[in-house]
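A.B. asks: Start from the sequences, fold in the hints, and give me the full structure.
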Amino acid sequence: MTKKISLLQLLLDSGIQYRINISHVDLSSLIFPQESFYNQLQFINVLARNISLKNIYLFQSNFSYSILDDSLFLNSNCSYADFRYASLQRTDWTNTDVTQAIFNNANLYQAKITKEQLAKVQSLQDAILPNGSTVAV
Numbered sequence: 001m002t003k004k005i006s007l008l009q010l011l012l013d014s015g016i017q018y019r020i021n022i023s024h025v026d027l028s029s030l031i032f033p034q035e036s037f038y039n040q041l042q043f044i045n046v047l048a049r050n051i052s053l054k055n056i057y058l059f060q061s062n063f064s065y066s067i068l069d070d071s072l073f074l075n076s077n078c079s080y081a082d083f084r085y086a087s088l089q090r091t092d093w094t095n096t097d098v099t100q101a102i103f104n105n106a107n108l109y110q111a112k113i114t115k116e117q118l119a120k121v122q123s124l125q126d127a128i129l130p131n132g133s134t135v136a137v
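For the sequence shown, position 86 (counting from the first letter as 1) is numbered 86 according to the working numbering, and the numbering increases by one without interruption.
No lab work stands behind these hints, which were simulated from the structure alone. Ideal placement from N, C-alpha and C gives every residue a C-beta, glycine not left out.
Taking lysine-lysine and the DSS-like style, the derived pairs with C-alpha atoms no more than 25 Å apart in a straight line are: (1) 54 <-> 112; (2) 54 <-> 120; (3) 115 <-> 54.
Computed beta-carbon distance windows for the label pairs: (4) 112 <-> 134: 14 to 22 Å; (5) 55 <-> 134: 28 to 36 Å; (6) 40 <-> 74: 17 to 25 Å.
C.D. replies: What follows is the structure, given as structure tokens:
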């Protein structure tokens, strides 16, 4: 499992492709120990629709400019993560910590995320909320 995520990280860091398509990949079986370097994953500009991220520690990870529509972020820690300009339509954030996460210009349309969770984020500037309204600042 560690080899798979290392290969994915290598591909992302190498810039081989403008977008790497990992749609429909279930990453929930991978182990991300809190003390490992995986807690700062760089998923910038990744096409990853319908992925499953369950019980994973993603502290300070960067998902900016990625397309993660229809994905699950369940029972995970996404605190201090960066979701700027990410498409997060119809995502499920059940029991996920988004404390101090950045959602500027993100699209959360029809996402399952509570008002309590959104109240803890660092910023929602120009984001599209689950109900379709936008946050104007």
